[in-house]
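Put chain E on the given structure of chain U with help from the hints.
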Amino acid sequence: DAGVIQSPRHEVTEMGQEVTLRCKPISGHNSLFWYRQTMMRGLELLIYFNNNVPIDDSGMPEDRFSAKMPNASFSTLKIQPSEPRDSAVYFCASSFDQGTEPQHFGDGTRLSIL
Amino acid sequence: GNSVTQMEGPVTLSEEAFLTINCTYTATGYPSLFWYVQYPGEGLQLLLKATKADDKGSNKGFEATYRKETTSFHLEKGSVQVSDSAVYFCAPKTSYDKVIFGPGTSLSVIP
Numbered sequence: 806d807a808g809v810i811q812s813p814r815h816e817v818t819e820m821g822q823e824v825t826l827r828c829k830p831i832s833g834h835n836s837l838f839w840y841r842q843t844m845m846r847g848l849e850l851l852i853y854f855n856n857n858v859p860i861d862d863s864g865m866p867e868d869r870f871s872a873k874m875p876n877a878s879f880s881t882l883k884i885q886p887s888e889p890r891d892s893a894v895y896f897c898a899s900s901f902d903q904g905t906e907p908q909h910f911g912d913g914t915r916l917s918i919l
Numbered sequence: 114g115n116s117v118t119q120m121e122g123p124v125t126l127s128e129e130a131f132l133t134i135n136c137t138y139t140a141t142g143y144p145s146l147f148w149y150v151q152y153p154g155e156g157l158q159l160l161l162k163a164t165k166a167d168d169k170g171s172n173k174g175f176e177a178t179y180r181k182e183t184t185s186f187h188l189e190k191g192s193v194q195v196s197d198s199a200v201y202f203c204a205p206k207t208s209y210d211k212v213i214f215g216p217g218t219s220l221s222v223i224p
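Quick mapping for you: the protein sequence lines, in order, are chains U and E.
Using the working numbering, read the first sequence as starting at 806 and increasing by one per residue.
Using the working numbering, read the second sequence as starting at 114 and increasing by one per residue.
Chain E on its own, in the form it takes in the complex:
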């Protein structure tokens, strides 16, 4: 069946460190791929998306590239800030309306 695997957290980084959160998925068809972010006490917000192979989604310094051959969509940021502390969800959209959310990866950035 359709599924998402994310690296387990929590991840703790110092400010200005490089961030990678791995995500791989199994899905039928050709999914669109999303990363969502959830700040404390808030709902999930779309961070970035990619809709076809080799597309790169980017927003707020975060990037992720749609790798069809490895079914991956790893999230990266070159220099994290304290304000990036949140939970990050990888989410392929495997049908016309249903999104599969990963378990989430908690990120804490310390000054």
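Just chain U, with the same shape it has in the complex:
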């Protein structure tokens, strides 16, 4: 079975540019999560969706970050404009919204803002 698919795997861009990260969750999962991981702050939950609806975006750092889930099989995380401090690994994860079900992670997008 295909797991969570993220693209691109690596992104290097200059500050001020728009960055779009993409995620395809596992088919049938109805919850989707975006995380950011850095050495300094560890793993941070940015936002999560349930049935394509944003439920909690309190972890989104600021207005430069936005996330959408137009359908059950696709989500994007956008940063505009990007800044060097946004450099991190961004993970997408999906799950069933049942109490005993774990989250399944993609391989992440390693983002470097110069």
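Hints in this document: simulated from the structure, not taken from any laboratory.
Please read all numbers here as calculations on a predicted model, not as lab measurements.
Watch out, some of these pointers could steer you wrong.
Claimed, not checked - The calculated EDC-like cross-link candidates involving lysine to aspartate or glutamate, where the alpha carbons are at most 20 Å apart (straight line), are:
| no. | chain 1 | residue 1 | chain 2 | residue 2 |
| --- | --- | --- | --- | --- |
| 1 | E | LYS211 | U | GLU849 |
| 2 | E | LYS211 | U | ASP868 |
| 3 | E | LYS165 | U | ASP902 |
| 4 | U | LYS873 | U | ASP902 |
| 5 | U | LYS883 | U | ASP912 |
| 6 | U | LYS829 | E | GLU155 |
| 7 | E | LYS165 | U | GLU906 |
| 8 | E | LYS169 | U | GLU906 |
| 9 | E | LYS211 | U | GLU819 |
| 10 | E | LYS169 | E | GLU182 |
| 11 | E | LYS211 | U | GLU816 |
| 12 | E | LYS211 | U | ASP862 |
As the list claims (entries may be wrong) - Per the computed footprint, the stretches of chain E lying under chain U, defined by three or more beta-carbons under 8 Å from a beta-carbon of chain U, are:
| no. | region |
| --- | --- |
| 13 | 157-166 |
| 14 | 212-220 |
Even glycine gets a Cβ: it sits at the ideal position worked out from N, Cα and C.
Chain E alone, transformed into the frame defined by chain U:
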């Protein structure tokens, strides 16, 4: 609020040594408990889980027992290998969809 405390790393062990990584949590309700592992350059993978008190989760030689009375879920392995070098995350699932991840414990196993 809900939180997770893991033993601080990094932990360095020799091959075939015994491993314990402590994890305690505070949570409302009756959470399911997970351990995830992250190998270098990869995403987090589910290692094992337990869903009710006294359940023991196990996988790849790792074990952890759900201790409701002490709100703990310590990870153990009797004999570690170099290939076990990774970061380990304790993660209670405190609501129908939200998981709280601990800070992670880095393990290095040397030959």
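Hint check:
1. E:LYS211 / U:GLU849: With Cα atoms ~12 Å apart, E:LYS211 and U:GLU849 stay inside 20 Å; holds.
2. E:LYS211 / U:ASP868: violated, 23 Å
3. E:LYS165 / U:ASP902: Holds, because 18 Å separates the two Cα atoms, which is no more than 20 Å.
4. U:LYS873 / U:ASP902: holds, 19 Å
5. U:LYS883 / U:ASP912: holds, 18 Å
6. U:LYS829 / E:GLU155: Judged against 20 Å, a Cα distance of about 17 Å means the pair holds.
7. E:LYS165 / U:GLU906: holds, 13 Å
8. E:LYS169 / U:GLU906: The given pair, whose Cα atoms are some 16 Å apart, holds under the 20 Å limit.
9. E:LYS211 / U:GLU819: The given pair, whose Cα atoms are some 34 Å apart, is violated under the 20 Å limit.
10. E:LYS169 / E:GLU182: Holds, because 15 Å separates the two Cα atoms, which is no more than 20 Å.
11. E:LYS211 / U:GLU816: The hint is violated at about 28 Å.
12. E:LYS211 / U:ASP862: Roughly 13 Å between the alpha carbons, so the hint for E:LYS211 and U:ASP862 holds.
13. 157-166: holds (count 5)
14. 212-220: Satisfied; 4 residues make the cut.
When held up to the earlier numbered hints, the structure conflicts with 2, 9, 11 and fits the remainder.
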